[in-house]
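> Position chains H, V, D and G against the provided structure of chain P, taking the given hints into account.
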Amino acid sequence: MNHTGTSLKENLLSYFDDILVEISDEHRLTISCKKDSVITILSSLNRNGYNHLALISCVDWIKDNELELVYIISAYTEDSEKGKMNILVKTKIAREKPELLTVMSIYENAEPYERELHELYGINFKGHPRLIPLLLEREYEIPPFRKDFDTRKYVQDVFDKIPFVEDKKGRK
Amino acid sequence: MVMNTILEIIIIILLAAIIGLFFLGLSRKIMARIHWRYGPPIAQPVIDIIKLFNQTSMSHGKLFNFGIIFSLSGSVVVLLFLPLGEMCPLSSSGGLLVILYCMLIAPLGLALSGGEAANPITSIGISRKFLLAFGYELPLLLILLTVMTHFNTISIVDIVNMQLQTGWSFQHLPLLLSGIAYILILPAILDLRPFELIQAPQEISSGPMIEYGGKFLALATIQHAFNVFISLSLFTNLFLGGAENPGYFFLKMLIVFIILLFVNAVTPRFRIEQAIKFLWRWPALLAFAGLIIVSVTG
Amino acid sequence: MRELELYFGPQHLGMVGNFSITLNVEGDRIVKATANPGFLHRGFEKLMEQRTWIQNFPLVCRINVVEPDHMELIYAMAVEKLAGIEVPERAQFIRSIYLELARVGSHLFGLWAYANMLGFDTVANWAMYHRDLVLDLFEEITGGRVYHIYIWPGGVRRDFPKGFKDKIINTLHTIGSCVPDYDDTFFNNRIFYKRSKDIGKITHEEAKRMGAVGQVLRATGMKQDIRKIEPYAAYDQVDWEIPVRTGGDAYSRIWVVRDEMIESVRMILKLLDKMPEGEVYNKIPNPFKWNIPDNEAYVRCESSRGELGLYLVSNGENKPYRAHFRTPSYNHGLTILEKALENESIADVGNIMISLYITAPEIDR
Amino acid sequence: MISISALKPFKAVKYLFIKPKTIRYPFELKEPSMRYRGFHLNEWDKCTGCGNCADICPNQAIQMIKIPELESKSGCKNERPQVDYGRCCFCGLCIDICPPGSLKLTRDYFHIHFDPKTFVFIPKDQETEPEKYVSSEKYSVLKASLSHRKRDYDGFVSDLKYALFEPKRVTMPIIAPEKRKLSFIEQVIGYNKEEARKEASRCLECKLCEEACPAHLKISDYIQAIYEDKPEESLKKIYEDNPIPSICGRVCMAYCEDACSLSIRGEALSIRWLKRYAADTIQDFATALELNPGTATGKRVAVIGAGPGGLSVAYFLRLKGHNVQVYDALPGGGGTMRTGPPVYRLPLESIDKDVHYIRSLGVEFIFNTRIGKDVMFEDLLKGNDAVFIATGNTKSRSTKVNNYEKCELALEFLSDNKIGKPRKVGKEIIVIGGGNVALDVAREALRLQNIQHPGENAAVKTVSLEDWDEMPATREEIREGREEKIQFNPAWGPKEVILDNNGNVKGLLCKKVKSVFNGEGRFAPSFYEEKEMFLEGDMIIEAIGQVPDFSFIPDHLLEELEFTERKKVKVDEMGMTSIQKVFAGGDIVNVNLDAVTAIADAKVASEGIDRFLS
Amino acid sequence: MDRNKLGKWLQSPGKMGQKYSLHALYFCTGCGIIEIPPTITARWDAERFGVIPVATPRQANLFLITGYVSVKTLRPIIRSYEQMPEPKFTVGFGSCPINGGMYWDSYNTIKHLDKYIPIDGWIAGCMPRPEAVFVAVTHLWTLIDKGMADGYKKYREDYHYYRENQEKILGKLEWPPLFSSKKM
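Chains as they are written, first to last, in my numbering: chain P, 1 to 172; chain H, 1001 to 1298; chain V, 2001 to 2365; chain D, 3001 to 3614; chain G, 4001 to 4184.
Okay, chain P solo, but in the shape it has when bound (with noise of 0.2 angstroms):
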C-alpha cells in the first residue's frame, strides 16, 4: 500500500473519531462520515492539500431509504504519489427532505454540481446561493433521477400521449 494514502489515512482517523476510512488499491481512499462531520473533513482535506473537487455525486439506496453523497476530492500536484490519491468522502442522508450544507465556502466550483442534484434528486443545500433550476425546464412529481422516478413509464405517459397530427385531423 502507498504511503500517501496510509498517512493519511492515520492523519485523518487522529482527527475525526467517528468515520470509516478505507484504502482500496490504485490510491482510492473512501471515508464515510455522517452528515454533519462533511464540511470539517472536507476543509481538514482542503487545508492538506487535496483542494480540487473533482466531483458531487448522489447515490439513491432506495432499499435502505437512503441518499448517499459522493465527494470525490483530488490534489492539483505535479507529486505523482498525492496526485495519483482519488478521495471519496461519503455520507447518507434520509430521503424525505433532504438537506444538507454547501461545501461553496470550500470548495468554490461545487456550485453548479449541488444546483445539478438538487434538480435531479431535490437535494436542499442550504447556504448555497441559487437553487434554480439548471437542466430541466418541465417540472417533475419525483426528481428524475430518484430511483423511484420510472422514464419508461413517464415517456410512456406524456410523450406517447400526444397524438401524430395526421390522426389527429383523420379523428376529428
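Everything labelled a hint here was simulated from the structure, so no lab data went into it. Fair warning: there could be bad hints in the mix.
[As the list claims (entries may be wrong)] Here are the simulated SDA-like cross-link-like pairs (lysine to any residue), alpha carbons at most 20 angstroms apart as the crow flies:
| hint | chain 1 | residue 1 | chain 2 | residue 2 |
| --- | --- | --- | --- | --- |
| 1 | P | 168 | G | 4150 |
| 2 | G | 4168 | P | 157 |
| 3 | V | 2081 | V | 2051 |
[Claimed, not checked] Label pairs and their calculated CB-CB ranges:
| hint | chain 1 | residue 1 | chain 2 | residue 2 | range |
| --- | --- | --- | --- | --- | --- |
| 4 | P | 132 | G | 4002 | 47 to 57 angstroms |
| 5 | V | 2003 | P | 132 | 13 to 23 angstroms |
| 6 | D | 3284 | P | 99 | 52 to 62 angstroms |
| 7 | P | 81 | V | 2339 | 29 to 39 angstroms |
Model, not experiment: these values are computed from the prediction. By construction, the Cβ of each residue, glycine as well, lies at the ideal position given by its N, Cα and C atoms.
Same frame as chain P, now just chains H, V, D and G:
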C-alpha cells in the same frame, strides 16, 4: 438630351447592380478557392435574390420598410454622380462633397429600419455600424480633401480628366499616401474582414440584418452590391485614373477588389475598438500626411 | 448607461453546441453572465441505469459528440475495474493510438470552432478538412465516422485492418505538412494575436479554485495531465511532454491546444513503432448473463478537454446502479465561464467560450 | 513557433492557385470503408429467428415479426427481425451477437424519405429480394434508399473471434480412448461446478432448444439456475417436465443441442451435460425438490413397462394424486435404459437414482413380473381405472440373409452384458448396422474383447448400409467409436454369412450399396450386386433395428388395437389407443425411438389419463 | 441538376430560386450537428449547391434539425420555425427525431418531432454522413419541383393541432399564435 440622360441613368444602375453582384459572387468563389473548395457558381447572389423575392417577408413597421428604401435610394443617387468611363449622368452638378454626403444615407437607412425591428442585437449591430462609419469617415474625409486640394476641384469628372492628362494620381506622393489610406479603409466600407463587424454572424447573428428576410434582405443585398460598386469605382476614379471605356474601368476595379479579398481571407475580425484604433491610426495618419504635403507643396 | 439583457444562443452560429448564456450588458461591457445549459439534457445517467452493461456502450459515447472515444474508454475502464477484466498489451497500444487520433480530431474541431468564431473561415475550412481525414481513419478502423463504439472492456472491438499503420502515418504527414500554414496564417497572425491576447484571462490561483482542468489549467502554467499522473492504456510506454503556457488567456489556451496536437501526432508515431503483435480482445462474458459484483469505482482519464471521470456503482445486477460522469466542460462552462466573461466585451463571448474549450453536450449529459 | 507577423498570413493566398480538395459529391463518389456500419441485411436462409438481436438492442429498435410464409421447424423459428431506423443507432451489437452470422451491416447508408413509416423495415438479402439489390453499374447514389441498394456490399460483419458469445464449449473431461476401451468405466467424467457454470454462462437464452425438445423442457431457465449456482432450482425446473434427469443427462438424443443457435458457427451448448450436472450434484432429490404427491383421488392406474415413458407417466400421475403401479419384467426400473445403453454410458446407479426418487413419491413398482405370463393383461384392465402401455421395442430385427441364425442379436447381447452374464466374444467381431445401438454393440464388444483377450490382436468392424453422412448414429458416437479404433465399413450391405467347414462363422460377404432411400425418401436400399467384399470375423452381431412385442395382449384386444401406416400404435391427442381406457406411449407410439420423446408422450398421456379419470 | 437551364428559370423562377438557394438554419440540437461543419467546409462544400448556413431564422428557408430534441430545445425550435419566411423546408437528421432513437426512454427528449412541426424529409443514420446530407438536398429538390415539400402549408392549415401539441409539452407558449385558427 433628357432621354439620353435617363437612358444613361438606367444603364448605369443596371451595370452597377450587375457588376456589384458579380463582385459578390466572385468574392464567394475566390474565398472558397483559398478555403480549398470550389464554392458556389458566380451567379449565386442572383439566385439568392431571385429566391428572396419569392419569399414571404415579414415587415416590422413603416419605418422598417422606409429605411431600406431610403438606404437603397441613397446608394442609387451616389451612383449617378460617379463617372463610369465616359458615362456620368449627373456630371455637371455636385461632386465629391455630394458623394461624401450621400454615402452616409445608406447606413442611416439601415439604422432606421433596424431600429424599428427592436431586437437588442440589431442595436448592437447598428451601434457598431455607426462606430465603424465614424472610424472610416475621418480618413475618408482627409483623403477626399487631399484629392480635392491636389486637383483643385471638387468635380470627380474633372479629376478623372486631369488624370488622363497627368497620369494616375498614384504617381504623386501625397496622393499615393491617400491611396494607401483609402485601400486600408476599403474593407471597413465594404464590410470585409478584418472589419466585418457589422454582420459578424458568429458574434451578433448578422447584426442589423437579423430581422431581414424575403425582399427586404434582397434589397439589402442589392444595396450592398451598389455599395461595393460605389466604393471601388470611387477609388478607381480618384486614384487609378478612371478609364475611357467601361471594360478597362472594370478591370481596374477587379484588381483592387481581389486584393481586398486576399486580406479578407487571411485575417480574422477585429474587435470594434481595435478597428477604430486602427482606422484612426494608420489610414488617418497617412491621409493626414498626404493632406499636409499637398497643402505645403500645393 | 442602460443595462440590457441579452441572450447568446442557443441558436447561434458562434455557439458550438446548444448552449445559452444570458448576458447583462452595459453598452459593450458584460456586467454579469449566467450560463444556461440543459438544452441537450437527455438524462444519460438515468438511461444507463435502465440498460445492461453492454447496452450502455453505444450510449456512453453519445455523451460528447466531439470526442466520443474518451467516453468509451472511461466506461470500459470502469467496467474492467469492476468486473476484473484484463486487457491484452496490443489492445492497450491500439487504445492509445486511437485515443490520440481522437484527440487530434477533437483539437482540429476545436480549431475549426475557434477560427470560425473569429470569422477566420480559411483556417476553419482547413481544420475541418483535416479532421475529416482523421475521421476517414476512424471509419477504416471502426466502421463509424463519428460514433465508433470501438473500445470494449477486454480490449478493442476489432484489430487494425491490414496496412493501416501506413495509412495513419500518411494521414498524419498530410496534416503535419500543413502545420507551417496553420502557424503562418493563424497562430502567428497579428490580428489573431491582438484578438485573443489577454482575453478571458484566468490566473493560476483562480483556475485551481474553480476546478479548472485540461488546457485551461495548463495554460496557467501547471503541468497536470492524467496521462502522466495515472497512466492508463499505453501512455507509460513512450516518452512525451506536457505542453504548458503561462498566460492563462485565450491565446495561451489555443497555443496549448496546438502544441498538444503536435505532441499527440509525435506520440502516435512512437506508439506505432513500439506496438506489439498479439491478441486485441479478451472475450467478455455473455452479455445476457453478465452481472457485475457489488462494488464501486472512480476512474479518470485525460480527455482532450481535461480530466474526465466516471463514478460507477454496481449492486450486483446486470445494470449499473449509478453512473456519474465528471466532465471537464462542466466546471469550465458553468463556473469559469461565468467568471471569465465578466467585464469582457460582447464581441468576445464566443471567443472566450470556445477558448475554454466547452462542449455543451458534456455539461448537459 | 511564436513569431507574430502581419504579412506571413498572406502566404495562404497560394491556395487560390491550387486545385481544391473538395470531393464533388455526388458527381464524384467516395466509397465508405470496408467495415462501415450502414444498413442491415439479413440472410433469411441462415437466420434462425432466435431473437438475440432484439434482446441485445439497447434501443428496442429490433422486433421479431412472425412471417407466415416461413415454416417453423426445429432450430429455426418463423420469425425475422424488423428494424426501425427511427430507433437504430448502428452500433452493431446485433451483428456481434448474431449466432448464425446472418445479420450484417452493409455499406449502404442512404435513406431519405418524407414518410417516417418507411424507416421501419424487415431486412432481407439479395437472394430473397433481388429487385431491391442492384449491381454497382445500375446503382445510383441519388436513387439510393432502402429499396435501392447495392449488391455484395457487406460492411460490418460478424467475426467469431470478436463475437459477444463464446463459440467454444467448455471441454468435457472424457477418459482417453486408449484407456476407456479397456473397461466399462463411465467415459464422461462430468462437469465440476466451475466448468458447469462457465458452460451455462454461454447460453444466449434464445429458447430455440425448448421448441426443439420433444418434452419442451425449460432449458434456458434451468441453465440460468446452474449459472447462478442454484442446482436445486435447476433440478426443480427440470422436474417440471422430465422426471428422469440422471438418465436423460447421459443418454438423451439432445435435439436441443442440434437446435442450439450457438451450434451454427460454433459448438452447441452442452445442455445434456448440464442437466447431468444438475442431477449428479444433488445427492438427495427428495429434499432438494420438495415435491409431494397430489391429494389422493383414489383412482388406480397400471403402467406396463418401467422405461422412460412408464416412469414419467407414473411420476406425473402420482403428482396428480393417482395410485400408480408399474409392472416390469426386469428386476429393476429403466426398461430399455436398463438393458440397452452400455454401462460406460449409463451406469445402473444413475437409473436407480431416478427410479428411487419416483418410488419415494409413492409409486408402486412391481418388478420381475411379465404381463401376459405372471399377470394377465385383462386382469389389469379390470382392476385399474386406466392402463398405460409403454413396453417399447424389445425384439431385435434380423437381416434374414443366409445363415442368419448363426448371428447374435443386439438387444440380447447388450442386455446380457449389462444385467446378466457377460458374453464370450470372438477376436474379430462384425456388427451389422449403423445406428446408435450398433455402435453401442460394437463398442461394448470392443471392451469385452479387451477384457477377454487382453493384449491380443482383436478387431471390431461395422457394416452399415448408410454412408458416413447418412448414418443414423449420432456424430458424437461415431467420433468416439473411431477414436477407439473401430473399423467402419459404411455403404455396404450384408449378402451372406459365410460359414467354415465346422459350421462356425467365418465372415460376412457384403455388397456395395447404390442408395439407401428411394426417390420419396423412404427406406428402400438398392445394391450393386456385383461389387462384393468379404469381411473376416468369428462373431457377427446384428443391430439393424428393433420391433415391439405385443404378445402380452390377448388376440381379441390386439385386433381392436389400431396401428398407423408406419406400424405404430395409433393414439389420439389424449394418448389413448383405440381400446377404451388403454393409453400408450414411448417407442411403440412415436418414430423417434428415444427417451425424451417417450417422456413427451408420457406427458401427453398423463394429462389425458388425468382428464379421462376425472 | 438543372441549375444551368435558363428555360426553367424563366418558367418558374420561384421554384428554381428555392432549389438552388437553400439557406440553412441549423440548431445544435443534437449529435447530428457534428456532421454539419464538414458538410459546409472544404471536404464536402455544400456551398456548391447554394446551401450555406445563415445566422438568423429570418434569412433561412431550410431548417436542419440535427438530432434529438430535448424539451428545452423544442421551444426555440418552434420559435425559429415560425420566424422563417415561407416557403420553408425542414429536414430531420438521424433516428432520434423520427422515433426517439437512442433516447427512446429519456424523460427529457421529445420522441416524434413531426408531432410539433411538419417535416419535409428525414435522413436515416445515426448520424447521417455528409454524403447523405447531399443526397437529401437532391431529394429535396425533387420534392420542391413536384410541389411536395409543403410542410409549411400543412403547418398553416393544421396550425391549431400543432399548437395544441406544442402546448401540451411546453405549457402555455408565451408568444401569440402565428395564424388565427380557422376551424377550432
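> Taking the hints in turn, state whether each one holds.
Verification of the hints:
1. With a C-alpha separation of about 19 angstroms, the suggested pairing of residue 168 (chain P) with residue 4150 (chain G) holds against the 20 angstroms cut-off.
2. Of the pairs offered as hints, the one joining residue 4168 (chain G) and residue 157 (chain P) holds, with about 12 angstroms between alpha carbons and a cut-off of 20 angstroms not exceeded.
3. Between the alpha carbons of residue 2081 (chain V) and residue 2051 (chain V) the distance comes to roughly 19 angstroms, so the proposed pair stays at or under 20 angstroms and holds.
4. A hinted range of 47 to 57 angstroms holds for the C-beta pair residue 132 (chain P) and residue 4002 (chain G), which are about 54 angstroms apart.
5. Distance hint check for residue 2003 (chain V) and residue 132 (chain P): the Cβ-Cβ separation is about 20 angstroms, which falls inside the suggested range of 13 to 23 angstroms.
6. At roughly 56 angstroms, the beta carbons of residue 3284 (chain D) and residue 99 (chain P) sit within the given window of 52 to 62 angstroms.
7. Between residue 81 (chain P) and residue 2339 (chain V) the Cβ separation comes to about 31 angstroms, which falls inside the hinted range of 29 to 39 angstroms.
Checked against the numbered hints above, the structure breaks none of them.
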